[in-house]
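**Q** Since the structure of chain A is already known, use the hints to place chain B on it.
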Amino acid sequence: MFKAINDIQEEIIEEFSFLGDDRESAIFYIMELGDKLPPLDDRYKTEEFIVKGCQSKVWLTTDFKDGKVIFKADSNTEITKGLISMLIRIWSGRSPEAILNTNLYFIDKIGMKSMVGSQRSNGFAAMIKQMKLYALAYQTKESLN
Amino acid sequence: MKDQLIEAKYDVETIRKLFPVLDQEINGYPLVYFDNAATSQKPLEVTDSLLNYYHADNANVHRGIHTLAERATSAFEKTRETVKDFINAAESEEIIFTKGTTEGINLVAQTFGRVNLNEGDEVIISTMEHHSNIVPWQMICDERKAKLIILPITKEGELIIEAFEELISTKTKIVAIVYASNSLGTINPVQKIIELSHNAGAKVLLDAAQAAAHLEINVQELDTDFLVFSGHKVYGPTGVGILYGKRALLEAMPPYQGGGEMIREVTFEKTTYNDLPYKFEAGTPNIADVIALQAAIHFINKTGKTAMADHEHRLLIRATEGLQQIPEVKLIGTAKNKIGIISFLIDGMHHLDVGIVLDAKGIAIRTGHHCTQPLMNFLGIEGTCRVSFAAYNTEREVDFFLESVARIIARRK
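Line order of the protein sequences matches chains A and B.
For what it's worth, our numbering labels the leading residue of the first sequence as 53, then goes sequentially.
For what it's worth, our numbering labels the leading residue of the second sequence as 4, then goes sequentially.
In isolation and in its complexed conformation, chain A is listed as follows:
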């Protein structure tokens, strides 16, 4: 059964809570999450699909099927790949409305900013913004049909 967005956020919070205060383990765990992300076709690894505002390169592409947004992404750094994998886990396969209405509270709960630094956090905010922009575009497109 497809889990609710907040159930997945709670899952992520719980996974990080097992790691305690060990920052190194948390960072390695983020990288391991990235390892699980399905590979992205090389044709998407172009300037057109780059998320602007990230220090690392992040390529993000979407499909829209049956009213749901499907996200695919990759990055040239493992930590960033891990970060976007969490967003894909939460948002891929959701309706534009669900994406746009999400309160991503897990970010603060797991202490991401202190874990990866302010530059990576800013990059993470850029990823969130880009994914929401895709959702907004699909929502607008749907409303016009």
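Check each hint, because a few of them may be wrong.
[As the list claims (entries may be wrong)] Calculated pairs, DMTMM-like style, for lysine to aspartate or glutamate (alpha carbon to alpha carbon, straight line, at most 25 Å):
| no. | chain 1 | residue 1 | chain 2 | residue 2 |
| --- | --- | --- | --- | --- |
| 1 | B | K416 | A | E84 |
| 2 | A | K97 | B | E385 |
| 3 | A | K97 | B | D350 |
| 4 | A | K161 | B | E28 |
[As the list claims (entries may be wrong)] Computed spacing ranges between beta-carbons, pair by pair:
| no. | chain 1 | residue 1 | chain 2 | residue 2 | range |
| --- | --- | --- | --- | --- | --- |
| 5 | B | L334 | A | N174 | 25 to 33 Å |
| 6 | B | L71 | A | E99 | 54 to 62 Å |
| 7 | A | K104 | B | L151 | 26 to 34 Å |
| 8 | A | G163 | B | N61 | 35 to 43 Å |
[Claimed, not checked] Just so you have them, the derived chain B footprint on chain A, three or more residues with Cβ under 8 Å:
| no. | stretch |
| --- | --- |
| 9 | 79 to 86 |
| 10 | 121 to 130 |
| 11 | 181 to 194 |
In short, the hints are calculated from the structure, not lab data.
Given the structure is predicted, the values throughout are model-derived calculations rather than measurements.
For each residue, glycine too, the CB sits at the ideal point set by N, CA and C.
**A** Coordinates of chain B only, in the frame set by chain A:
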């Protein structure tokens, strides 16, 4: 006279006590500060100087007749004397206070360059230059229709002197070369470059940003025409730097900026300019930081630059040999003659990720292109992980760093 007590037996633990910032934990681990090429930490002598100036002497320099102004001016000018001795300049008027290395290079480019560069003239820089020693020359070359020539380097990160002999000619007006590379640690054969440049009639600017804290600098022996460095890389404050120039060259150069101490007399019809060094020091200077720079140089002098360099070289060798034992590590820049800087990559890991994981263990390194993007392009890489040593780093820290690198690789396998 230099205090040789520390130099006699290099006591790194005593030195560390002078740097309170080192006595802290980061993420539950003792701080290991290996980002000294970006900026060094400041000893108590420097921070005390800053506090003392603001608590006891704060006044503007050069024009006041009251006691505080006299004290501030005296301390300010004492720094000029101290810097003169530090680099063995012939006279203190050859020492210009700037905001830092970058401003010093821009000053020379925009004054000496503007007057001496004409269409068809050439400026030589090298592949390993920091952006601050590239962009000012690009700007003035564009303006004066001069040509920027790039001296190539080997894959090990050493200047190709034979190529320099080919490139230098009577068209060359300025050679601007880094004394020690911030990305690779390479110490360049600047004496040879200066000789060859002078034989061709060209002037030389040395970017000593990385060299000043680690190498004995004698501008008269080198016979360099200009030399620049920053205060904050020599255990001093940020926002202050030095431009050294030979008097005759500085005299012939037009002022860089107008206003403040650089004027002699102003009328609406005509302004006459002050003597050296004030001709190049427009506006109220960075007084507190200039004075604190004196304390930084005093720290280096009493510790002994040779002793510091020897210590840093031991750390360089220990770290280099340690990294060479790890098959997944690739060293970037393997010049024979290096200051305590090591650039490296870990196979299969992005340098930014390595930096974040090491920070989790309290180890501060620099990652990225280190403001040498053309060098990174030449090497075919985006950036590196860089460790850079200072007088207060220890062998224990190097060993912990090596263990941490090995552990990162093991965990990611």
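**Q** Failing hints, ascending?
**A** Going through the list in order, the structure violates hint 11 alone and respects the others.
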